[in-house]
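> For the record, the sequence lines run as chains C and Z. Be aware that the first sequence starts at 1, since it is given in the UniProt record's numbering, and climbs by one per residue. Be aware that the second sequence starts at 1, since it is given in the UniProt record's numbering, and climbs by one per residue.
Since the hints were derived computationally from the structure, they do not count as laboratory data. Nothing here was measured: the structure is a model prediction, and the numbers come from that model. Incorrect hints may have been included.
Stated by the list, open to error - Cut-off 25 Å, straight-line C-alpha distance, at most; resulting in silico cross-link-like pairs (DMTMM-like, lysine to aspartate or glutamate):
| hint | chain 1 | residue 1 | chain 2 | residue 2 |
| --- | --- | --- | --- | --- |
| 1 | Z | 158 | C | 111 |
| 2 | Z | 123 | C | 114 |
| 3 | Z | 158 | C | 114 |
| 4 | Z | 122 | C | 111 |
| 5 | Z | 122 | Z | 163 |
| 6 | Z | 123 | C | 253 |
| 7 | C | 158 | Z | 253 |
| 8 | Z | 123 | Z | 87 |
| 9 | Z | 61 | Z | 163 |
| 10 | C | 271 | Z | 153 |
| 11 | Z | 122 | C | 115 |
| 12 | Z | 123 | Z | 213 |
| 13 | C | 208 | Z | 212 |
Claimed, not checked - Okay, the calculated bits of chain C under chain Z, using three or more residues with CB under 8 Å as the criterion:
| hint | segment |
| --- | --- |
| 14 | 55–69 |
| 15 | 102–114 |
| 16 | 125–134 |
Glycine is no exception: its CB is placed at the ideal position from the N, C-alpha and C atoms.
Protein chains: 2
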Amino acid sequence: MFKVPDHQVAGHRASNGVIGPLIDDSGNFYKPLQNDERGSKEVAFYKNFALNSEIPDQIRKFFPIYHGTQLIEASDGSGLHPHLVLEDIVSSRPNPSIADIKIGSRTWYLEASEDYISKCLKKDRETTSLPLGFRISGLQIYGSKESGVWKPDKKYLKNFTADDVRLVLRKFVSSNSLEDSGKEPDCSFASTVYGGSTGILAQLLELKAWFEEQTIYHFYSSSVLIVYEKESILKGMSSGATVKLVDFAHVIEGNGVIDHNFLGGLCSLIKFISEILTYVPNNTYKAFPKKP
Amino acid sequence: MFKVPDHQVAGHRASNGVIGPLIDDSGNFYKPLQNDERGSKEVAFYKNFALNSEIPDQIRKFFPIYHGTQLIEASDGSGLHPHLVLEDIVSSRPNPSIADIKIGSRTWYLEASEDYISKCLKKDRETTSLPLGFRISGLQIYGSKESGVWKPDKKYLKNFTADDVRLVLRKFVSSNSLEDSGKEPDCSFASTVYGGSTGILAQLLELKAWFEEQTIYHFYSSSVLIVYEKESILKGMSSGATVKLVDFAHVIEGNGVIDHNFLGGLCSLIKFISEILTYVPNNTYKAFPKKP
Numbered sequence: 001m002f003k004v005p006d007h008q009v010a011g012h013r014a015s016n017g018v019i020g021p022l023i024d025d026s027g028n029f030y031k032p033l034q035n036d037e038r039g040s041k042e043v044a045f046y047k048n049f050a051l052n053s054e055i056p057d058q059i060r061k062f063f064p065i066y067h068g069t070q071l072i073e074a075s076d077g078s079g080l081h082p083h084l085v086l087e088d089i090v091s092s093r094p095n096p097s098i099a100d101i102k103i104g105s106r107t108w109y110l111e112a113s114e115d116y117i118s119k120c121l122k123k124d125r126e127t128t129s130l131p132l133g134f135r136i137s138g139l140q141i142y143g144s145k146e147s148g149v150w151k152p153d154k155k156y157l158k159n160f161t162a163d164d165v166r167l168v169l170r171k172f173v174s175s176n177s178l179e180d181s182g183k184e185p186d187c188s189f190a191s192t193v194y195g196g197s198t199g200i201l202a203q204l205l206e207l208k209a210w211f212e213e214q215t216i217y218h219f220y221s222s223s224v225l226i227v228y229e230k231e232s233i234l235k236g237m238s239s240g241a242t243v244k245l246v247d248f249a250h251v252i253e254g255n256g257v258i259d260h261n262f263l264g265g266l267c268s269l270i271k272f273i274s275e276i277l278t279y280v281p282n283n284t285y286k287a288f289p290k291k292p
Numbered sequence: 001m002f003k004v005p006d007h008q009v010a011g012h013r014a015s016n017g018v019i020g021p022l023i024d025d026s027g028n029f030y031k032p033l034q035n036d037e038r039g040s041k042e043v044a045f046y047k048n049f050a051l052n053s054e055i056p057d058q059i060r061k062f063f064p065i066y067h068g069t070q071l072i073e074a075s076d077g078s079g080l081h082p083h084l085v086l087e088d089i090v091s092s093r094p095n096p097s098i099a100d101i102k103i104g105s106r107t108w109y110l111e112a113s114e115d116y117i118s119k120c121l122k123k124d125r126e127t128t129s130l131p132l133g134f135r136i137s138g139l140q141i142y143g144s145k146e147s148g149v150w151k152p153d154k155k156y157l158k159n160f161t162a163d164d165v166r167l168v169l170r171k172f173v174s175s176n177s178l179e180d181s182g183k184e185p186d187c188s189f190a191s192t193v194y195g196g197s198t199g200i201l202a203q204l205l206e207l208k209a210w211f212e213e214q215t216i217y218h219f220y221s222s223s224v225l226i227v228y229e230k231e232s233i234l235k236g237m238s239s240g241a242t243v244k245l246v247d248f249a250h251v252i253e254g255n256g257v258i259d260h261n262f263l264g265g266l267c268s269l270i271k272f273i274s275e276i277l278t279y280v281p282n283n284t285y286k287a288f289p290k291k292p
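So here's chain C without its partners, still in its complex pose (with noise of 0.2 Å):
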């Protein structure tokens, strides 16, 4: 009945003697609780986000659907451990192509112990979050039935430059991003995928102005998940451009205070995706060509 998620781009992944998430085939995902107060918080939050009166309806879709907590057997084998059951947002579809983006330069705040504070701060120094205010945690990478999936792992990523952040959210949108031939990135799916009404753009814009004006939650540590189906696009059928929140161990209270943490980064995000679409490629390969 349940499963290990094929297509699980960051967070610990179920394997043996490690507990992770598991699906079923009815669309649910189960997250299994962090023991430490990280797991409480989260269900916390999703409890308090599901009855919040103050949260725009045109907002909720960015969040999984939360269909409680369940007792169930945890992958690692040790026995019954308390699961969320969430919406399973990319694991059902067949061929996701997926990036996850933790949001924001800092991931810590300030009520979180010294030891846990320092911790983050390293690796937000170390990684591109202090400089473009977000980073690629993870990714997964469809090129095509033949050549597959690219899903570099976690410490490829960490090394990422603002450089490899632009290259690679060039390549989630080309049709020849896994061709190992030194050519730049086509960004043949960008409008379609990016670009557009329903684009991943327009959702983050969307989101952005929320974020603009709410402050009841400050999100640490939280990621946008962006995904989308690329034998879709060539089937001609709808890209599926999703915008997810997730990841909510760190949630605080906001205390009549935008979140400009995350804001800042979000907006950061935004100006990468955007600097995509407005993209003239060039003989020479200058990812910023600076306006006349």
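Take the given structure of chain C and dock chain Z to it, following the hints.
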């Protein structure tokens, strides 16, 4: 010819043995160059900004006009010292109310020394910079000819909480701001100073739109100065509401990335100001009535 400005609210003030800025009668503000690299960095910024053709014309008004550098007698009597010659924004106004608001939850940048980073991080954590994305680092509120001016000292401002910031931004535009009556600030100048098509909020939004696009500079430890003239309003004249960016000793190159740290803080300040404009007084004092 040179004199110590009356209305300086932040930074080192010229006094016996302390070097500080000077003004003249022609509307110039002389800011002594700091001896370390901060001085040369600030000059480099002003020079680059003046010549940079990518700065939109309507954005230049948010920056003090730069007239070069000049060797003049230092205010501490120590002899000739190089000074930045800038437009005198506030000193020439008769009775300005001024807030110096340091923008950004982070006042340090990766390239700085470890010592500087720890010092800044500590200050950011101890003030409202981290929770709010900005801190009020200088303040002068003009009351009336009778009540005079309220100019709290730095130590007082340093201990501000989020609620203090909310209150003082309301006092800033109130006719009863200097009364110690325990009354709520009346915000009677809010719509004139913060609101309207030429008010502070409109100017901040114009600045925000630029920060969503510009990837030329990252402004660390820079301030937004907001200024207006209470007496002018009382005489039925323009409020003179003005927004200026100041303090560029820690501006670094943007390298194609937006200044998400400044933008986030600016959005937070915008939210604080806009909530004062939509504030509806109530029986019970609630600074931020929740939307129904």
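> Work down the list of hints and note, for each, if the structure agrees.
Here is how each hint holds up against the structure:
no. : hint          : in the structure
1   : Z:158 / C:111 : 19 Å, holds
2   : Z:123 / C:114 : 16 Å, holds
3   : Z:158 / C:114 : 22 Å, holds
4   : Z:122 / C:111 : 14 Å, holds
5   : Z:122 / Z:163 : 21 Å, holds
6   : Z:123 / C:253 : 22 Å, holds
7   : C:158 / Z:253 : 23 Å, holds
8   : Z:123 / Z:87  : 30 Å, violated
9   : Z:61 / Z:163  : 31 Å, violated
10  : C:271 / Z:153 : 40 Å, violated
11  : Z:122 / C:115 : 16 Å, holds
12  : Z:123 / Z:213 : 29 Å, violated
13  : C:208 / Z:212 : 12 Å, holds
14  : 55–69         : violated (count 0)
15  : 102–114       : holds (count 3)
16  : 125–134       : holds (count 5)
When the structure is compared with the earlier hints, violations turn up for hints 8, 9, 10, 12 and 14 and for no others.
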